[in-house]
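Same order as they appear, the protein sequences are chains A and B.
Mapping of the first sequence onto UniProt numbering: position 49 corresponds to residue 49, and the numbering continues sequentially without gaps.
Mapping of the second sequence onto UniProt numbering: position 186 corresponds to residue 186, and the numbering continues sequentially without gaps.
Possibly wrong hints are sitting among the right ones.
Unchecked claim - Listed next, the in silico PhoX-like pairs over lysine-lysine satisfying Cα-Cα at most 25 Å (straight line): (1) B:Lys-65 <-> A:Lys-206; (2) A:Lys-65 <-> B:Lys-206; (3) A:Lys-223 <-> B:Lys-223; (4) B:Lys-206 <-> A:Lys-206; (5) A:Lys-62 <-> B:Lys-62; (6) A:Lys-62 <-> B:Lys-206; (7) A:Lys-223 <-> B:Lys-206.
Just so you know, the hints here were simulated from the structure itself, not pulled from any lab data.
There are 2 protein chains.
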Amino acid sequence: MTARSTNTGEGSGAQDPHRDIPEATVARLPVYLRVLTSLAERNIASCSSEELAAAAGVNSAKLRKDLSYLGSYGTRGVGYDVDYLSYQIAREIGVTHDWPVIIVGIGNLGQALANFSGFSSRGFRTVALLDAAEQMQGRTVAGLEVRPFADLAEIVAAEQVSIGVISVPATAAQDVADAMVEAGISSILNFAPAVLNVPPGVDVRKVDLSIELQILAYHESRKAAEADETVDNGSEEGITA
Amino acid sequence: MTARSTNTGEGSGAQDPHRDIPEATVARLPVYLRVLTSLAERNIASCSSEELAAAAGVNSAKLRKDLSYLGSYGTRGVGYDVDYLSYQIAREIGVTHDWPVIIVGIGNLGQALANFSGFSSRGFRTVALLDAAEQMQGRTVAGLEVRPFADLAEIVAAEQVSIGVISVPATAAQDVADAMVEAGISSILNFAPAVLNVPPGVDVRKVDLSIELQILAYHESRKAAEADETVDNGSEEGITA
DNA sequence: CGGACTTTGTGACCGCGAGAACAAACTCGC
DNA sequence: GCGAGTTTGTTCTCGCGGTCACAAAGTCCG
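Given only the sequences and the hints, what does the whole structure look like? Please build it.
Right under this line is the structure:
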């Protein structure tokens, strides 16, 4: 409802806190940011919504509407300035400064995450790796020493950590989440195949590999079934070559 | 994605519900299946929609509606039979038989995926690991020999693979996807931070770690800003929480 | 300097999905 | 056999999100 538009004065001090950016838009902003970064690396100074949209894999109207939630940062008849728009998106997401992150559970996946460059780049800095298993402690992964899980609260307080990553087995996930919340973490990225229960005010996002595969399997099954039917009765909603 | 239009099945009604299960429901079915499996392991024979919904972290009405797309597999006044419902969901998703899967890109993440038990359990079998780097080839990861990327087409044909996992750097992702499609793969799970372009009929799901973190960062920023405002002027919007 | 062209920003419309409420149907106790 | 209690399956409504189409606003060229 354009409650935010109200055309406040622009200028650098415009805090105008863009109160409500739709979740769907928030999920796409990082994609736009990545595309813009890629363009900047190729020394492309400006681009149109059409080009951006194609590179991001979305509809151009959707992209323009998404960007319009941040403000009017384009120039009609010209397009968007790559650097300027990059900065505006980064500022809106909050990745102009670094976020300290801890990873709990340094198994195969945890080690991969610790080493993942995309994690440390773009505004995130892994400050600690934790694991409950004694044989992991003291080992060095991705240049960081693995510390005991019991140090969680201390580290979170010392480093002002607000984002935690869970890559422990499913059975331990809820306990880890509880401890994280207790320690003051308010955003959790959960790789364990378990449903986490957290108090209001804490955000949880889950990445579940086997669920993703099962969704693909469902569509594969349907494709196969459809192909069978097509073979059976010849022509039904065909490809219309 | 892949909007399957032209809903022709209007008459059959209750029977043959295979036609159109909403995407949002499809994404939740694996969660229900996991909960049901957990219940079965604890020798619980039946449960109500309320219990299931609580364990899955969803609304009970939503759960019942989701299940109703599969058919009427519950008993009013009683609930759902755990084993029966498990089988029905598994059948609908298509994980009653195993799906062969290949993983391309055996770096840190690829190795973690190959070792991930949740991958191999529940209807998926990793049949091959591929990597273009020569120093990887011949090595054994998770009990499988790493084979050259050039063998892709041969393996896909021999093993009837229809699902492929991409865990290569972003710059190589599109080439790998193209080769996969060429080889006959029609479902791709992409871990590379890149937008994939595939022909219609091919499903792509992406798992992007840095995007997930950025979404969390956005919400963290907003929480911080809100807290600041609350400190500043004490009472603005009636959040009152 | 003005008109044609380009591209953004947004209003209108539509379909999907979430949630509440209720009728249907099954079991259990007497 | 029947009524009470329970739980499913479904209907209705509402809001979010996606797409189209167009006016606004800028550039460029003659």
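Consistency of the hints with the structure:
1. B:Lys-65 <-> A:Lys-206: Judged against 25 Å, a Cα distance of about 23 Å means the pair holds.
2. A:Lys-65 <-> B:Lys-206: 23 Å, holds
3. A:Lys-223 <-> B:Lys-223: Outside the cut-off at roughly 44 Å; violated.
4. B:Lys-206 <-> A:Lys-206: Holds - the C-alpha atoms of A:Lys-206 and B:Lys-206 are around 13 Å apart, at most 25 Å.
5. A:Lys-62 <-> B:Lys-62: 28 Å, violated
6. A:Lys-62 <-> B:Lys-206: 20 Å, holds
7. A:Lys-223 <-> B:Lys-206: 20 Å, holds
Hint check: violations occur at hints 3, 5; the rest are consistent with the structure.
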